[in-house]
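> Here is how the chains run, residue by residue.
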Amino acid sequence: MNIISLPFFLFFAVIFALYWTLFKNSSKIQNWLLLIGSYAFYSAANIKFLGLLIGISLLNFWLGIQIEKAQSQKRKKLLLMIGVIQGVGALLFFKYCNFFIGSFNRLFGSLNINLDFLKIIIPLGISFFTFKSLSYLLDIQKGKTKACKDWLIFFNYLSFFPTMLAGPIDKSIKFIPQLEKKRTFEYSLATDGMRQILWGLFKKVVISDNIITIINPIFESYFELESSTLILGAFLYTIQIYCDFSGYSDIAIGFSKLLGFRVTKNFNYPYFAQNVADFWRKWHMSLTAWLTEYVFTPLCIQFREMGNVGLSLAIIINFTICGFWHGSKWTFVLFGFLHGLYFVPLILRGTMNKKKKIKKDQLLPKPIELFNMIKTFILIMFTFIIFKSDRLSDAFGYIQRIFTTVTFRSPQISEIDSDLLILLAIGIPSIFVIEWFQRNKEYGLELSSIKSKYLRWGIYQTIILLILIFQAKEVEFIYQKF
Amino acid sequence: MLRFLKKTVFLVLAPTLIYFATVEYLVRSIPNDYAYKSQYLSNNGKDLKFISLGSSNAYYGISPNEFEFKGLNLANVSQNANYDLFLLEKSISLCDSLEYVIFPLTYPTFLYDLSEAKEFWRVTNYNLYFDGKFKQWEPKFHFITYNTNLKSPLKRIHNFYSNGISELSCDDKGYGIRPDITDYTNFSSYGPLYSKWHTEMYDSTAFIENIKSFHKIVALCKTEKIKLIIPYIPAFKSYTNNVDSTLLERTKAPVISAAKKHNHVYYLDLMNDTRFKMKDFYDPNHLSTKGAKKFSEILNQFMHKIN
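Which chain is which? The protein sequence lines are S and B, in order.
For what it's worth, the working numbering labels the leading residue of the first sequence as 121, then goes sequentially.
For what it's worth, the working numbering labels the leading residue of the second sequence as -4, then goes sequentially.
For the record, the hints were derived by calculation from the structure and aren't laboratory data.
C-beta: ideal position from N, C-alpha, C; glycine also.
Just to be clear, a hint being listed does not mean it is correct.
Said to hold, decoys possible - Capping the alpha-carbon separation at 20 Å, the derived lysine to any residue pairs in SDA-like fashion look like this: (1) B:Lys1 - S:Glu306; (2) B:Lys146 - S:Ser308; (3) S:Lys593 - B:Glu114; (4) B:Lys130 - S:Pro127; (5) B:Lys1 - S:Ser308; (6) B:Lys247 - B:Tyr197; (7) S:Lys593 - B:Trp116; (8) B:Lys2 - S:Ser177; (9) S:Lys573 - B:Arg(-2); (10) S:Lys593 - B:Arg(-2).
What the hints assert, rightly or not - Over 12 Å on every C-beta distance to chain S, these chain B residues come out as not near it, computed from the model: (11) Ser147; (12) Leu149; (13) Lys274; (14) Phe297.
Please work from the sequences and hints to get the whole structure.
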């Protein structure tokens, strides 16, 4: 069930109505409703893996309590190891089994050895609920949080349906207390959620899904195209992945708000970043925070005696893991590795942690800020070519052709509806302009500063109309695959 | 909570429903083939001597104006046997003097189910204009605006209500009209492509269901004492030479068998009929205006013969 389909909206309406009317007096019954709803939602996608989700929830619930109870550090570590092996093992098995089979087949293809029969289906959302369970156990072991004693709450934490399939990855320390307390309906939070859903829908169905019709043909036949078209394809993909993923996050956060939950922010206008370090503080923030806490920081401690070399090594490993987390393709690994590499000059100059903040009340970016934004955008854009490509050879071929086929001809986009081109020519700059002026707000459509309610309603109606008129064919969210 | 619900209904749900309802109403009201044929059947059904069923091959291939009998072409693009049966049942209830039913056969006739095919949205037309009950609980088969964004219906509304461009593309007897082509250079290359495309549409479940519908058509015609004429519509050799021979035999077999078994069923295999030359085709799988005239005359003569 896609979270932007009519069946999901109806499903959510039923949950919402029961949650805030019949069940409003008991957080326990609300939690029961949420869990049943989450499992129904997960089963609608693929019922086969519901048992796996329940099994993982059960094991981690038990491990959490046992780690807390354990008297010795040795036993705590042993129990933690079981959890880590289960989590990382399941992730490796389901996400990377096919990758290793594919690599094995390529390596031994000439000997007629083929292991395709061992290929498996990846359970939806496994990357997200595994990271949640890992951080939960690690935090208990370090004494940062207490083990959850109520299985209903813990199961809900791992499977909360609005964020289950593609995040944001909430830490237990932030989310579990919200499940424990009594929730009362907050008008301002709910309307805020509705606005955020609307903004997410606009980015996803009007911008992202319409861009696909242009970029897919470009990436599929890059070997026949010239530089300008390839640059346009890369540019549009960079916009598309942002609108798709941040759109999803806005929708997921919005639905969470409607149920009374405040979920971790996942994007903070990343294309206004001043350098790559700044970009990662603004892009997929919940994953970056997770990796920083559980991978990068321990690695830094490990390599602390090596100075900048150690720091560079830690960041490269961290980002290579980040790339590998996305899935079983060498292009993802290279994507992560390159991002790690981008940090090295910043580390050497000592500017990695220097936050270059653009002033809140600044009408336009300063020339140097604009230059930094464009420079960072271009660096990111090249890595997204790799991210989008199926094979490394395609990625290299695409980038090579950008530099070897420069003819100064305008991009050749065939068979594209002129209405679509006009929509994107207006829509994409509009997103940038709106987000620039709203950059201090949580999301682009937070219009609390507009005093006239008629103007606000007019803007909402315009966006609803734009969604209804220009929504493209239903396209799966990119990050739902991860 | 109440304030939130009021605001949601007033600001989001009500305007969205109003947009959809207005566009749905306006787009449904644009004259189109399905609405016209349904209306024609209701108003003139009692005078009809024959109807022809089938998909685009029949829609563009049989012109009732070329017949000496009064008839109506009830074929529509991508219409498969299940919908043919439905239209036949509908026609029988409205036509007192129906004597012939033409059920044209083509290679893909039994291969697919329209509701599962690329053009699934056409099912909506049978539900809307012929009071069909297909897929009753799935909104995508009942609302035009459900399957698309509002851009396309708004364009259609603008074209009709502002520019007067109707979507009716058939003549007064339901025969599909389109300008003929003058360039035949792609005939040899398009033939294999079309046949491959049709072969890829094969769905084993749909095939069985379509054959069942065909047998029901045979039985219904027998009960109503109607002569069932099943002509294989001519196709160009670049197409016929590239169809899957096993699937073609499986398509023809139940028809040939029915024609042998029942006196009221007549099968005419015109698939590779040499009377049809290149200019009789619009593309390797469809007849041109000239070809349709020729094909209709052949059928007319045949109906006289068996009268």
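> Is the straight-line distance between the alpha-carbon of S:Lys593 and that of B:Trp116 20 Å or less?
holds (14 Å)
> Going straight from one Cα to the other, do B:Lys1 and S:Glu306 come out at no more than 20 Å?
holds (15 Å)
> Does B:Lys274 really sit off the interface, with its C-beta more than 12 Å from all C-beta atoms of chain S?
holds (30 Å)
> Is the straight-line distance between the alpha-carbon of S:Lys593 and that of B:Arg(-2) 20 Å or less?
violated (34 Å)
> Sort out whether S:Ser177 lies within 20 Å of B:Lys2, counting only the CA atoms.
violated (38 Å)
> B:Lys247 and B:Tyr197 were given as a pair; does the straight-line alpha-carbon distance stay at or below 20 Å?
holds (15 Å)
> Would you check the hint for B:Lys1 and S:Ser308, treating anything up to 20 Å between C-alpha atoms as holding?
Distance of about 14 Å is within 20 Å: holds.
> Does B:Leu149 sit more than 12 Å from chain S, CB to CB?
Non-interface label fails for B:Leu149: nearest chain S Cβ at 7 Å, not farther than 12 Å.
> Check the hint pairing B:Lys146 with S:Ser308 against an upper bound of 20 Å on the C-alpha distance.
violated (33 Å)
> Has the given pair, B:Lys130 with S:Pro127, been kept, meaning a C-alpha gap of at most 20 Å?
At roughly 16 Å apart (the allowed maximum being 20 Å), S:Pro127 and B:Lys130 satisfy the hint.
> Is B:Ser147 truly not at the interface, in the sense that its beta carbon sits beyond 12 Å from all beta carbons of chain S?
At about 10 Å from chain S, B:Ser147 fails to clear the 12 Å cut-off, so the statement is violated.
> Take the C-alpha atoms of S:Lys593 and B:Glu114, compute the straight-line distance between them, and say whether it is at most 20 Å.
holds (14 Å)
Violated hints for the displayed structure, listed by number in ascending order: 2, 8, 10, 11 and 12.
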